[in-house]
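Quick mapping for you: the protein sequence lines, in order, are chains A and B.
In terms of full-length UniProt numbering, the first sequence has 101 at position 101, counting the first letter as 1, and numbering is strictly consecutive.
In terms of full-length UniProt numbering, the second sequence has 174 at position 174, counting the first letter as 1, and numbering is strictly consecutive.
Hints are computed from structural coordinates only; laboratory data are not their basis.
Ideal placement from N, C-alpha and C gives every residue a C-beta, glycine not left out.
Just to be clear, a hint being listed does not mean it is correct.
[Said to hold, decoys possible] Here are the simulated distance ranges between beta carbons:
hint	chain 1	residue 1	chain 2	residue 2	range
1	A	L275	B	R118	42 to 48 Å
2	A	Y96	B	N22	34 to 40 Å
3	A	Q214	B	I15	28 to 34 Å
4	A	L190	B	R26	31 to 37 Å
5	B	S56	A	L190	27 to 33 Å
6	A	Q214	B	P104	46 to 52 Å
7	A	G35	B	N37	36 to 42 Å
8	B	P104	A	A274	50 to 56 Å
9	B	K126	A	L167	35 to 41 Å
Now for the letters of each chain:
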Amino acid sequence: MDLGFYALQLLTGLAYASTLFLLSVGLSLIFGAMGIVNFAHGSFYMLGAYFLYAFTRGQADGFWGGLLLVLATGFVIGAFVERIFIRRVYARPEEYQILLTYALLLIIEDLVRFFFGTGYRAFPMPQAFAGPLFLLGTPFPSYYLFLIGLAAVSALLLGIFLYRTRLGAWIRAATQDREMLEALGVNVPLLYTVVFGVGIALAALGGAALLPMQAATPGMAVDAVINAFIVVVIGGLASVWGALLGAVLIGLVQALGVLFLPEWAMVFPFALMALTLLLRPWGLLGRPPAVRT
Amino acid sequence: MSLRIEGLRAGYGEIPVLHDVNLEVREGEVVALLGRNGAGKTTLIKAVMGMVRVFSGSVAYRGRELIHLPLFRRAQLGLGYVPDDRRIFPELTVRENLLVAQRPGRWNLEQIYRLLPRLKEIEHRKGGLLSGGEQQMLTIARTLMTNPQLLLLDEPTEGLAPLVVEEIARLVLELKGEGLPILLAEQNLKFTGQVADRAYVLETGEVRLEGEMEDLLHREEVAALLAL
């Protein structure tokens, strides 16, 4: 095996990490700002893929418009779900959130089966990424670069949004003390709607962006939410950079695991998560829970 | 009239802490709530904001009933709440702590820094890294950034060194001089004597005494109720 082969593996890992990041960062934001454990997060990732398929009727030439439409629809659906469902359980014990979001997961899965059937929905590679590129003489799909670029731009924009805008400062403040933020006159219920919308929009974008590489199935939601939780546990809840780090680690561990110990590859992400929980239960970039006096 | 509380019963869960409390804060007036720990001072202030359960009674601000308004609406109407446990956003810088609270009006970043130059010096420090005195200054300044028309100050001198207490007293007197009405929960009688016009003394959730601050300062029952 030559160097090009390893480089390709690395790139594959990063491309996978990119969709993982888009998937998990919203989960992390939503938990951080709102305290909601969203078991349905992977379902919106799946919806993103199916929506791209539906909006474009499976035609590659509608890809770019379709992606934007998925992003916008994701935000609207997220905001709607927060207003109609999630809002009702803030004041209740955590079991209620888990029951509610788990119910959403089941409902969305059945809706997808109902409207799209149980089979695969594949999407052709968009024209712009038709040919391979070469890295150290090894061909690789140019779409990998798109995925990596998409995640990098999203992370950058999200960073600017959270650290350079007033709305972002509110979201960070809500992560630390929601009631106090509201006592300062900030409409926190509306802020929650926006946070949930943004988180869901990113997940939907992640699901849609993966569609040309991997066909959509009704079962992908459960896999996705498990992966998202692994990423977020490793990186640290409520941290954008934690989600980024967690996604890259899992992406690389998966890619290299397949290479060296293929029969164990499935286990590595879980092992990494277990190790994190043992050594740093609040995640690599998370904060230990503050002790309130 | 800035604030009028009538027949207020409030508390946590099924348990009322306050029983039939009546209280008024007029425009431009500093009113103290005196009482021991557990007398209900914090509960009363939180009830005005809607942060505890109100069983019955009325809380009217400038003639408007607040009972059914959400917390952020009360703040937007002009209620400025300064919690006793400060509740600075620990991961936000001093500057960010101030900016998240900003609403249009007399107070902005520049005015706050002029009033409290120390905050300007540490503006890029994270809230969680401040000293107790700095946190207390910041929590008051942060609420001022909302440009409140009524300030609810919960035990601002708790746990602070005498020098810092004096600084807080100066700050409160300055705000009073601008005509800002203040409802102040306190145990520190000396501090309260410096700043308050009138006072209510609470014991086990009921108002035992009320009157002009000057008179109350010299009454033995007050000392007894405060267990001094």
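Results for each hint:
1. At about 44 Å, the beta-carbon gap between A:L275 and B:R118 stays in the expected band of 42 to 48 Å.
2. Between A:Y96 and B:N22 the beta carbons are some 38 Å apart, a value that agrees with the proposed interval 34 to 40 Å.
3. Checked against the hint of 28 to 34 Å, the pair A:Q214 and B:I15 fails, with Cβ atoms roughly 56 Å apart.
4. Judged by the Cβ atoms, the range 31 to 37 Å given for A:L190 and B:R26 holds: they are separated by roughly 34 Å.
5. In this structure the supplied range 27 to 33 Å holds for B:S56 paired with A:L190, their Cβ-Cβ distance being about 30 Å.
6. A beta carbon spacing of about 50 Å between A:Q214 and B:P104 agrees with the range 46 to 52 Å that was offered as a hint.
7. For A:G35 and B:N37, the hinted distance range of 36 to 42 Å is not satisfied, since their beta carbons lie about 30 Å from each other.
8. Distance hint for B:P104 and A:A274: a CB-CB separation of about 51 Å, consistent with the stated range 50 to 56 Å.
9. Between B:K126 and A:L167, the C-beta spacing of about 20 Å breaks the proposed range 35 to 41 Å.
In summary, the numbered hints that this structure violates are 3, 7 and 9.
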